[in-house]
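2 protein chains.
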Amino acid sequence: MTKRNGGGPATAESMASKQRDISVSEFFLKNRHLLGFDSPRRALLTAVKEAVDNSLDACEEGGILPEIAVELEQIAESRFRVMVTDNGPGIVKNQIPKIFAKLLYGSKFHRLRMSRGQQGIGISAAGMYGQLTTGAATRILSRIKHAKTAHSLAVQIDTRQNKPAILSDTEQDWLPTFQAVNAEGQPEGEPVISKHGTSVSIEMEAAYLRGKQSVDEFVKQCAIVNPHLTLHYSLKLTAKPEAGNRGKENLKPETGNLKLRAEGGLSDISASGLKFQVSGFSSQVSSVTYVRAVKEMPKIPDEILPHPHGVELGMLMQMLKDTESRTVRSALSGDFSRVSAQTALDICVRAGIEPKTNPTRIAHHESEALYKAIQDTKLMRPPTDCLSPIGEAQILAGLQKELKADFFTAVTREPAVYRGNPFQIEIGLAYARPAENEGLGNEEPVRVMRFANRVPLLYQPGACAMTKAVTGVNWKSYGLSQPKDALPLGPVVILVHMASVWVPFTSESKDAIASYGEIIDELTLGLQECGRRLSVFLHKRHRELEAARKRSYIELYIPHLALGLKDILKLTGKEEDKIVGNLKKMLEKTHLDV
Amino acid sequence: MTKRNGGGPATAESMASKQRDISVSEFFLKNRHLLGFDSPRRALLTAVKEAVDNSLDACEEGGILPEIAVELEQIAESRFRVMVTDNGPGIVKNQIPKIFAKLLYGSKFHRLRMSRGQQGIGISAAGMYGQLTTGAATRILSRIKHAKTAHSLAVQIDTRQNKPAILSDTEQDWLPTFQAVNAEGQPEGEPVISKHGTSVSIEMEAAYLRGKQSVDEFVKQCAIVNPHLTLHYSLKLTAKPEAGNRGKENLKPETGNLKLRAEGGLSDISASGLKFQVSGFSSQVSSVTYVRAVKEMPKIPDEILPHPHGVELGMLMQMLKDTESRTVRSALSGDFSRVSAQTALDICVRAGIEPKTNPTRIAHHESEALYKAIQDTKLMRPPTDCLSPIGEAQILAGLQKELKADFFTAVTREPAVYRGNPFQIEIGLAYARPAENEGLGNEEPVRVMRFANRVPLLYQPGACAMTKAVTGVNWKSYGLSQPKDALPLGPVVILVHMASVWVPFTSESKDAIASYGEIIDELTLGLQECGRRLSVFLHKRHRELEAARKRSYIELYIPHLALGLKDILKLTGKEEDKIVGNLKKMLEKTHLDV
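Taken in sequence, the protein lines are chains A and B.
No gaps in the numbering here: position 140 of the first sequence is 140 in the numbering used here, and each next residue is one more.
Convert by adding 1000 to the 1-based position in the second sequence; the result is the number in the numbering used here.
These are computed hints drawn from the structure, not numbers from a lab.
There could be a bad hint or two in this list.
To be verified - Covered, in the sense of this in silico footprint (three residues per stretch, anywhere, with C-beta under 8 Å from a C-beta of chain A), are these stretches of chain B:
(1) 1021-1032
(2) 1086-1096
(3) 1105-1113
(4) 1309-1318
(5) 1514-1520
Stated by the list, open to error - Listed next, the in silico EDC-like pairs over lysine to aspartate or glutamate satisfying Cα-Cα at most 20 Å (straight line):
(6) K484(A) x E1438(B)
(7) K1372(B) x E77(A)
(8) K18(A) x E1303(B)
(9) K1018(B) x D302(A)
(10) K18(A) x E1324(B)
(11) K321(A) x D335(A)
(12) K93(A) x E171(A)
(13) K1484(B) x D485(A)
(14) K372(A) x D335(A)
(15) K98(A) x E1026(B)
(16) K18(A) x D1322(B)
(17) K468(A) x D1485(B)
(18) K1018(B) x D335(A)
A quick note: this is a predicted structure, and the numbers were derived from the prediction, not measured.
Just so it is clear, CB atoms sit at the ideal spot from N, CA and C, and this is done for glycine as well.
Only chain A is shown next, with the shape it has when bound in the complex (with noise of 0.2 Å):
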C-alpha cells in the first residue's frame, strides 16, 4: 500500500530528479486552512467575509452608497450556495476570470491604501474551495454602467497552472435587486434595483451553526462598524435528515418540525428583531435587513508613496532600478513621500553621490551609503490622512446599540507607523450588566470584539497582536481581576480597531494582526486609557454601593429609635410616623462618605 522509495537511501542525483515548480493554486490548495477553509463552518464564514470585502471595496472605490445582499442556501446536508451581490460599480468582462478565478490577481497588492482586500487571494480562493469540495464552478453576474446587458461568467481554476478557464460565457438582461425586510422579516416597500453592480455565486462544502464565529455574527459586526451599509441577509435552511444518516448522506427533506425550525434559525433573535419566515415544511427561510444608519460615505482614504524609513535596503535598490525618473535625486522626491526635491538633494550630498547620478547604475556600496543617509535624515512622519478610523462615536453608539451596559467609553489613537506604514488604533469598552448580557459574567474572561480596516475578525484570537496587548495590560490596577498570562475576568466587553493602509496579518485567512512592536505598543496605550476610565467608573460605583449599604444599615434603626423616642416623650403614633419621615429625610440629605 505504500509507495516505497524505490530501493535505498537517496543520491544527489536521484533526489535532483524530483524537485519540481509548485504553483500557488496547488500550494494554497493543500494548504487551505491558510486561507480560512479548514472546516465547513469556519468555510462558509470566509467565503462570505471575501466577497463581502470585495463589495464594500468596489462601492467605496467608486463612490456608492454600498447595499449589499448576503444569501445562504442550503442545497444539501453539507453543502450550501453562497450568493453575495452588490450596487457596485460593476467588472468589466475580461477582468472576471482573472479576479474570480486566479490566486495572487488584483488592485489592491501593489498599492498604499487602506481597504479590506489587499492580497489578491480571497475570492478565487472561495472558488477554489468550491471547485475542490462540489466540482461546481464559481458564477459571476456583473453589469457595469450605462451597459445594456450584464455578463454572466461561469469559471474554474486550473491548478496546475494558477489560471482561469472560462465554462461559459453569455450575456444577460440582470439588475441588482435588493428587497428590505422588515422586523418580522417579510418584505417591507418596493425592491431597491440598482443600474450596475456584481453578483457572485458558490457552491461548496459547508455548515451553518450559530455562535460566535457565525456568519450571523460576521454580518451584524459588519453592519456596526460600516453605519453606512445597507446589508440584507438571508438564510435558507433545510432540516437535517435522522441523526443515523449524518455525514454520509445528501439531505432527505422531512415533514417540518418547529423546534428544527427554532435550532437552525439566527442567533439571537430578540436582540435583532428576527423573525422566521417557514416557507415551506422541509425548509426554513429567516432573513434581516440592516439599513445603514448614516448616509454619508467614509472618507475615501488617500493612496500613499512608501515611506524612505520603512523601505528596507533591498526594496530601495529594487525601486532605484524600477523608477522612471532619470536622476537619483528625482527618484527620491518623486517615489517616496515626505522627501521634498531639497531633503533628496542633502541625501545624495550625505550619501556622497551625485543627484543626477541615472538611478538604475546605481552600485550596491552606493545603495548602502544612500539607505544610510536616509536613516540619518530626518524626516516628517508618513501622511496620516489615507486612513479612515471608524471614530470615537460611532464606536459608541455600536456598542450601545449591542449592549446593556453601566458604562461606555471609546479612544481613537492618534495614527502611529510601523515599517514606514501609517496605522491607527481605536478601542471601545462597555462595563455590562451580566444578566442582561448572554455570556457576561464577573467570572468570565472579557469579550474582546476585533476588527481591521472595518472588518470582523471572527478566528484565531489566540494568534492576534490585539488579544496578546489585552492580555499584556495589567487590569489590576483598574479593578478587574486577571490571572496570570491570561484575559482580564469581568462582564467586560472590549472593541479593538486597526485601520492601516497595510494591515499585517499572521494568515493569508486574514483573522489575526501579527505582533509587530509599534503595533503592540498603540494598542496598549489605548487600552490603558479606556483602563483608567473603566477604574475611574468602578471606584465611583464602590462608593456610592458603600453609601447605599451604609444607608440602608442606617434606616434599619430609625423605627427603632422613633420607638424609643415615642416611650420616652409620650408621642401619639402619628408624631412617631412624622419623626420617622423627618430622620429618613435627614438621612437622604446628608453626603454619606466612605
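The hints should help you fit chain B onto chain A, whose structure is shown.
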C-alpha cells in the same frame, strides 16, 4: 505627499486598468511576517531553522548520520551571517539556483512523506529576506559524492518573476569539515571531514537574544528530539556600541568588557556546560557540540499514496484527469492507498460505472457518483508505518536530561488520520522541583514544548492546536489549578510532538499547527492519559506529605508522654529514654493512613 486617486470615484474601467499579477515572491516579500521574518530576532531563528530542516532531511533521505554545523557571526550591530553546513549527499549544480532562490520549488510538496520541509519556500525565503535587508546574495557551497570539486554559487531572487539570478558560479576545492568542542568550548579531537555536503551562507539584518525563543533554545531542543544528530553550534558576537548610537550606527569595536561578554553569551551556561572562548577584545566566541546519543538512523519513513477518504470531490476529478491508468478501476487501485483491485471493482459497481471506462472521460455526475461510492465503502485506515515517532523512551530521556523533576511520564498514541493524512501524537510530562528549574513554579503557567516532525516550534504558541488542547483539558481533576480558558498552573513541563506526512501549519513560517478536530482529539487523549498519571503521583505525594505531617505532630508529644509515664511509674531517666525510643519505633512501623 499623498498620491491622489486621480480625481473622483473609480469606474469599472479605471479599476480594470489597475488589476495586475502579483508574483509569489512579491507577495511574501510584503508579507514577510508570514514566513517568520517580522523581527530581526525571529528572522535569525527562522533562517537557522529552515537551513537545519533542509540539512536534516537531506542527510536522512541519503541514509547519512547527520553532522551539522550552525555558525552565527555578528558582522555589524544589526547584521549577522548565518552559515549552516551539513554532511548530506550534496546538491547537483543545476538545482542549486532554484532550490535557494525560487519560492515554491522543491521535492517534498508533491508527495506524502514525513519530513521537516514540505513547502518549497523556507530556505529561499531566508535568502530573500537577506537580500531585502542587506542586498547581499545567498552563497552556496556543495559537493556531491565522487565529485572532484565543490560548486560555489552566489544567487539572488528576481522577485518580480520569482526566478533565480546567478551572480557567480565557480568550482572550488572544498570538503565539509566539522570540529567538535569540549565542555569548555575548546577544540577536542581531530576535525571530521566529509566527502560530500552542503553549506549555505546568508547575510541578514538580525538580532541575537537569549531566552525561550532563541537560536540557543532551538539548537538545544533540536538535539533532544534528534538523538542521531551531532550538532556544532558557534556564536560570534561583537560587543555592542554605546547605547546612544544604537539603531543607527554600524558597530564600533570596543575594548574588552567582561560584563558585556557575559551578557551576549549563550543562555543557560551552567546547564549546557558552555564556556566562553574569547578571541579578542571586541568580540566573543562561544561554541558547543551536541554529540549524538545514538548511532542508528531513525527509521526512514515511507512515502504513501493518498487515502480515498481524505480526497475531496474536486481532487478526485483532478486525479482521474491526470492518471496514467487506462481504466477507472486501475486508477482507483493504483493511485490510492488501501484500494485493492477487488475494492476498486466494488466501488465502480456501487457507483454504476463500467470499471473499464477511460478515467479521463468521466463526466461530472459520474465523478460525484464515484465520490459517493468511495465514501460509502469501508476501507482500511491509511498505512501508518510511514510515521517515525520519537518514542516514549526517548522523550523521557530528553526530559530527564533537561529537568530536575520528581515525576516523568510519556505517551506515544496510536496513529490516527485527519483529511486522509496519517499522524501520530506524543506527549511527555514532568513535574519539576520549582527551586531547581528556572521559570517554573506553583503559580506559574506550565511550560509547553512543541515539536512537529522533530522540529522545535518556538513562536506563535497562542495560534497552535497544541496550546489549545493543553488549555482545553480539565487539569483541576488531575490536581493542578487552572484559571478559566488558560493554561494550568504548576511546576510542570509538557512536551508535545506531532508526526505526520503533512503537518497543517497555520502559516508558512511553520510555528503553529492548525486546529483540525481529529488532531485536537488525539492531543486531548494523550494529555489526559499523562494527566491521570500525574494525578496518581500528586495524590500519592500528598498522602506522603500528610503522613509526614501527622508523624511530626505525634513526635512532638512523645517526650511529654514519656515524662508523664516516668512520673506515674517512677522510672529512671534511662528508662524514659528507652520509652521514647520505643514509641518512635512504633510510630515508624505504623502505617499512617490519611
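We went through each hint and held it up to the structure:
1. Counting residues of the region 1021-1032 of chain B whose beta carbon lies closer than 8 Å to any beta carbon of chain A gives 9, which meets the minimum of three for the stated coverage.
2. With 6 residues having a beta carbon nearer than 8 Å to a beta carbon of chain A, the region 1086-1096 of chain B meets the requirement of three or more and the stated coverage holds.
3. Evaluation of the coverage hint for the region 1105-1113 of chain B: fulfilled, as 6 residues show C-beta separations to chain A shorter than 8 Å, against a requirement of three.
4. Beta-carbon proximity to chain A at under 8 Å applies to 6 residues in the region 1309-1318 of chain B; the threshold of 3 is reached and the given coverage holds.
5. By the rule of at least three residues with a Cβ nearer than 8 Å to a Cβ of chain A, the coverage given for the region 1514-1520 of chain B holds, with 4 such residues.
6. A C-alpha spacing of about 17 Å is found between K484(A) and E1438(B), which places the hinted pair at or below 20 Å, so the restraint holds.
7. With a C-alpha separation of about 14 Å, the suggested pairing of K1372(B) with E77(A) holds against the 20 Å cut-off.
8. A C-alpha spacing of about 13 Å is found between K18(A) and E1303(B), which places the hinted pair at or below 20 Å, so the restraint holds.
9. About 15 Å separates the Cα atoms of K1018(B) and D302(A), which keeps this hinted pair within 20 Å; it holds.
10. Pair hint K18(A) plus E1324(B) holds up; C-alpha atoms about 18 Å apart against a cutoff of 20 Å.
11. Annotation: proposed proximity of K321(A) to D335(A) holds, straight-line Cα distance about 12 Å (limit 20 Å).
12. Taking the CA atoms of K93(A) and E171(A), the gap is about 10 Å. The hint holds against a cut of 20 Å.
13. The straight-line distance between the Cα atoms of K1484(B) and D485(A) is roughly 12 Å, inside the 20 Å bound, and the hint therefore holds.
14. Taking the CA atoms of K372(A) and D335(A), the gap is near 18 Å; set against the 20 Å cutoff, the hint holds.
15. With a C-alpha separation of about 18 Å, the suggested pair K98(A) and E1026(B) falls inside the 20 Å cut-off, and the hint holds.
16. Taken as a hint, the K18(A) and D1322(B) pair is honoured in the structure, with Cα atoms around 18 Å apart against an allowance of 20 Å.
17. Straight-line distance between C-alpha atoms of K468(A) and D1485(B) comes to about 14 Å, which keeps the hinted pair within the 20 Å bound.
18. For the proposed pair K1018(B) and D335(A), the alpha carbon gap of about 18 Å is at most 20 Å, so the pair holds.
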